[in-house]
Amino acid sequence: MRIEFLGGTGTVTGSKYLLEHDGRRLLVDCGLFQGLKQLRLRNWAPLPIKASDIDAVLLTHAHLDHSGFVPRLIKLGFRGPVYCTQATRDLCELLLPDSGWLQEEEADFANRHGHSRHEPALPLYTMEDAREALGRFEAVPFDEVQSPWRGWKWRLRRAGHIVGAASARIAWADGSILFSGDLGRSDDLVMRAPERPEAADYVVVESTYGDRLHRDVDTLGALAAVVNRTAARGGMLVIPAFAVGRAQTLLHCIQLLKQARRIPDMPVYLNSPMAADATRIYRHHLDQHRLSADQCAAMSKEAIIVNTAEESKRLNALAFPSIIVSASGMATGGRVLHHLKAYAPDARNTLLFAGFQAAGTRGASLVGGAKEVKIHGAYVPVRAEVAHLDTLSAHADRGQLLAWLDALPAPRRVFVTHGEPVAADALRLAIEERHGWPVTVPDYLESHEL
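Numbering (the working numbering) for the sequence shown: 2 to 451.
The hints are simulated quantities; they were obtained by calculation from the structure and are not laboratory data. Treat the hints with caution; some may be incorrect.
[As the list claims (entries may be wrong)] Straight line, CA to CA, 25 Å or less: simulated PhoX-like cross-link-like pairs of lysine-lysine: (1) Lys-342 to Lys-38; (2) Lys-38 to Lys-51; (3) Lys-38 to Lys-302; (4) Lys-51 to Lys-154; (5) Lys-342 to Lys-314; (6) Lys-302 to Lys-372; (7) Lys-302 to Lys-314; (8) Lys-38 to Lys-375; (9) Lys-76 to Lys-51; (10) Lys-302 to Lys-259.
In this text, all values refer to a predicted model and were calculated from it rather than measured experimentally.
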């Protein structure tokens, strides 16, 4: 077996791991690169292998940094199936067309306003490309051994993080490899803890928070403090949030705080029809999270759903304290950019980031203290308070990653991926010191014989 790292190295985006054995090629995850421009350009660069030579794709979960390249791969000539859990397929039915639509919208905006170096600016893929790609998806159950080809077997187990998220163990005649996928937290407010991992000869583990522990703070109390001081100023609270996972957790927390009368009964706008649809999907997969059907219903009723572009524009002229939850979570695109343009210049307002912010994103710049950010070709001054509530992250921290690995007998080697360089190397060192296992932090396009 040979593995080649086509993404998820030196960054938390673009996850793609190519396995090649006995004439077959499997791509584990097929994600978009996001953040720094030199990373985003990889989405347009030729792959080191013909897309038509890949036999199948296996997705660990639906977030775009793991699934968002699938329509592009098909445009490049991929003709095989895309395997994933049913909940991942359900979420991709929302995420991928939305991704295509956003890329079309951004290309059109760039062409109309002339702030692209390309004439014309083109989308990586369209909404229609994404819809056509969904026809390749094949849902497989958790815990069921799949044998798509002679000499290959794999099984998916629950990884927490979001509904449908899986760790994948892939076996061949004389070996096995375990991909952690994105691991959730054992103490997550919404998702259940990851399942115990299965033994494998090789392990590929994510390292988003490989260099830190989540702070031991009262998450609800911290959120209440942000809401209350913003309301006291008569300001707006704008929360960039991933439509799948983070938006649901935020709505649940806001509902709990209102129910306990710990925050004012101010309007909550969910400016992401996709997030509203994702919340309904959570109701269909109650076995994967901690919320009851009634809690899911209450979470859905908490927010005013904003559907049309005109409704979204009206949010930029609100005259009373309100909460706006809108994608994307790292402020890389989407409707939230228009809210940032409208509300970042006013010191009464607050911009609240509720998770990891990858290098090169607007979210990272804002959390880092930027006094202005570039949006739609122009610089916007930042006078609003910028808060960062990283305790709402859906990723395991270093201690939880190590605890997940503790359940394994010694593998031949561990590959640390899906982390920025400092985080990945910190987890490498922690694994070596704790277990003495051989650990590699692979580079982009690095390959290994297993």
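Here is how each hint holds up against the structure:
| no. | hint | verdict |
| --- | --- | --- |
| 1 | Lys-342 to Lys-38 | holds, 21 Å |
| 2 | Lys-38 to Lys-51 | holds, 24 Å |
| 3 | Lys-38 to Lys-302 | violated, 39 Å |
| 4 | Lys-51 to Lys-154 | holds, 24 Å |
| 5 | Lys-342 to Lys-314 | holds, 11 Å |
| 6 | Lys-302 to Lys-372 | violated, 36 Å |
| 7 | Lys-302 to Lys-314 | holds, 22 Å |
| 8 | Lys-38 to Lys-375 | holds, 14 Å |
| 9 | Lys-76 to Lys-51 | holds, 12 Å |
| 10 | Lys-302 to Lys-259 | holds, 12 Å |
In the structure shown, a violation is registered for the earlier hints numbered 3, 6, in ascending order.
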